[in-house]
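There are 6 protein chains.
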Amino acid sequence: MSNQVKQKNNFSMGKLTSLLVLLHNTELVKEVEQELDSRGYNYTVGKVGAMELSKVVAAVETSAKNNHIINANSYREVHALYHAILEAIQGVSRGTLQLGDILRTVGLTFSIVRGNIDSSGYGGEWISVCVYGTIGAPKKGFEHDALGFGFNHI
Amino acid sequence: MSNQVKQKNNFSMGKLTSLLVLLHNTELVKEVEQELDSRGYNYTVGKVGAMELSKVVAAVETSAKNNHIINANSYREVHALYHAILEAIQGVSRGTLQLGDILRTVGLTFSIVRGNIDSSGYGGEWISVCVYGTIGAPKKGFEHDALGFGFNHI
Amino acid sequence: MSNQVKQKNNFSMGKLTSLLVLLHNTELVKEVEQELDSRGYNYTVGKVGAMELSKVVAAVETSAKNNHIINANSYREVHALYHAILEAIQGVSRGTLQLGDILRTVGLTFSIVRGNIDSSGYGGEWISVCVYGTIGAPKKGFEHDALGFGFNHI
Amino acid sequence: MSNQVKQKNNFSMGKLTSLLVLLHNTELVKEVEQELDSRGYNYTVGKVGAMELSKVVAAVETSAKNNHIINANSYREVHALYHAILEAIQGVSRGTLQLGDILRTVGLTFSIVRGNIDSSGYGGEWISVCVYGTIGAPKKGFEHDALGFGFNHI
Amino acid sequence: MSNQVKQKNNFSMGKLTSLLVLLHNTELVKEVEQELDSRGYNYTVGKVGAMELSKVVAAVETSAKNNHIINANSYREVHALYHAILEAIQGVSRGTLQLGDILRTVGLTFSIVRGNIDSSGYGGEWISVCVYGTIGAPKKGFEHDALGFGFNHI
Amino acid sequence: MSNQVKQKNNFSMGKLTSLLVLLHNTELVKEVEQELDSRGYNYTVGKVGAMELSKVVAAVETSAKNNHIINANSYREVHALYHAILEAIQGVSRGTLQLGDILRTVGLTFSIVRGNIDSSGYGGEWISVCVYGTIGAPKKGFEHDALGFGFNHI
Ligand SMILES: [Mg+2]
Ligand SMILES: [Mg+2]
Ligand SMILES: [Mg+2]
Ligand SMILES: [Mg+2]
Ligand SMILES: [Mg+2]
Ligand SMILES: [Mg+2]
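Residue numbers (UniProt numbering), protein chains in the order written: chain B, 1 to 154; chain P, 1 to 154; chain C, 1 to 154; chain Z, 1 to 154; chain G, 1 to 154; chain H, 1 to 154.
You can trust all of the hints, since none of them are fake.
Below are the DMTMM-like pairs computed for lysine to aspartate or glutamate, each with C-alpha atoms no more than 25 Å apart in a straight line:
#1 Z:K55 <-> P:E52
#2 C:K8 <-> Z:E33
#3 P:K47 <-> P:D37
#4 G:K8 <-> G:E27
#5 H:K55 <-> P:E52
Hints are computed from structural coordinates only; laboratory data are not their basis.
Using the sequences and the accompanying hints, generate a full structural model.
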């Protein structure tokens, strides 16, 4: 296990963000959370199901604000998060940022992580968003996996 | 640990594909591989670094053929894989399928998984592709995480 | 005329699908239908007028299901058709999958064809969708021709 | 046959343009050409195979100029044609205007038609471009049908 | 000042269109208007705030018709303007033609200019649209500048 | 004139950035520069002509580094500028980030401005990029105006 922890020390913020959502609700996520805690990162995980893209954007934004990942009164921080969300949604929707307009719906779990990255050149804080779940027809089971990731300086 | 295995039995093909690439070169990936093996899935992991998108597409295609994930002589299978690759690349490039044209380069690890999904309605075989790595300026360290995922029937 | 039939034997599934919709409601379409019948292809033609893209997608999907071109209980088949529809709509909307959002409306006739393609490498069944009609302002006559085509393995 | 001709009188410029390319090299195309001639339309048909999109654009442009569909010395006409070509290519490439960059190649036949449309409100001349052929891997037979259409005032 | 006027004589239609909206409500715009007048150009300036893209398109179209920049009864002119508007909106929305769907709103000023361009090859009339304002969250101050420009023959 | 200056105090950073490039090489730009200076903003103006998009991106990046608008050794700053450049280029290319691939070339002047914005919520530094010039066929005079704008926190 100590070997695993050592490995996680090499994990980038983006990899940890992705594992946080992919391992959500499993035992394994605890190690991811411990690593995030040890780095002093702020993070949260939430869920949203919608046929309207605006609800997905709103759910991630609201979660980030309510869990104090970003300061809701700072446009600067809201702007950084917003573009990270758009990037993540592009991975989910692949090619066109649309859900109900093209008759599909999503059921998603998302993670948001914020913190300092020490690598030379990086400096300051960064924010990453990972979205994982299903996309498909508005009919139970007629859907498949979807995954998206966004990253920005904050 | 047995608890973890049970959880993995609930993991979708897409989640396993994503973990296969995200946990690559760690101890944890063994459990993912065991789960893939127990389901009789075919899979492989490869790497590619490039400033030309065509090299990324070619690397994933070649890896799938050389590792017998798809039959290189079946256009049907090549077509299924090709569209899954394009979907995955859309997550990496977010908005425009371009690398060198807009002065950026990637260093990516990719996983390809193929197998039956038994859920009602699904039937037959599906293929999923996950791509994880870095995207950024052609200068060491001036890059950030990127992640993409594609899924198709085959 | 026998010459024409011989020529049609060389027509690809995609060409027949396109002619099926372009020659709809003319005498000439009968030869196209005969060729489709002789190959054992399933096909149908329908119409939809809408300012909402979701209605276009739904109309093609419903027509394919009601006319038994695809099995509505197979997600695999629904998935194949869905991506073929999206491809076809991209030809109609050229650049952005939007109608009412950018104040335009469509009046479309569509064809759906499914069947085996025997060419070496192809194997199995494929599905193609062609959409032809008008796109333009929501004002009679203030519109022009539009055409789109999608193709997928099924 | 006279019935067919009567029907063609109801064919829009766009439908005639599409049939001109789809029926190319068949007996049936003669009736399409007769109808185009009877309306005083200028038209041409050409071919291009390429892995570089710029060659496709150039082939259509050059054909239009060499066959006097447009006046090569009028930027106004070149501009009208150029945007019609881009629209047509969007139908062929579906989602991203790329060929070799994403490792695919095309073998296309294209038609260009120019002329007056008399419908109320239309006035003046219009130009339409239809592109039909195959798109796919750079390997014989590993390709499928593709179709695109563009339309503009000139 | 005569020097400034001389310079404006070298300004392209597009530059004048852009300055018309950027200098709106300032003293400086008078010189831009004088230059437009001296060339015999038709122009107008309007405003629109919306979370629905269709309202933006409608506002520019309506303004162009009401101010006699285009003839509302000519589809040819409506078509030319429509594509110029779409181009301008692409600069504002950068990457996806969406506002409320991705939870953002705009407050825009737009200019529309129409007239002859005498440069060799150009011939005839052209139309240009410039849109300038703010885009952002539906919360006062949480928005930033946006600018877009479209150009077409008419 | 004092009236004009007062008005410029109300000009946003984005408006000043846009005017800096649109009024380049005219007398009027001096007032824009004075306003930028009075706010303590860093700025520069450059030119680039290219048929390859990567050269446009590189020219703006290099200019920003050489003129000390951004710190070339800070990935954080390079990342902020890079996304602002991509946004600006989207306005120029409208719909697809391509030049030579679709047989068009650009001759552009660009401005880059960086500085603090004091409005409530904004805080810290922001960067904006405006690109203005011509886009068209690789033939003198067969081109029209193009304009793009990008904005980011830095
Ligand atoms: Mg980035
Ligand atoms: Mg899918
Ligand atoms: Mg395909
Ligand atoms: Mg049009
Ligand atoms: Mg143009
Ligand atoms: Mg922004």
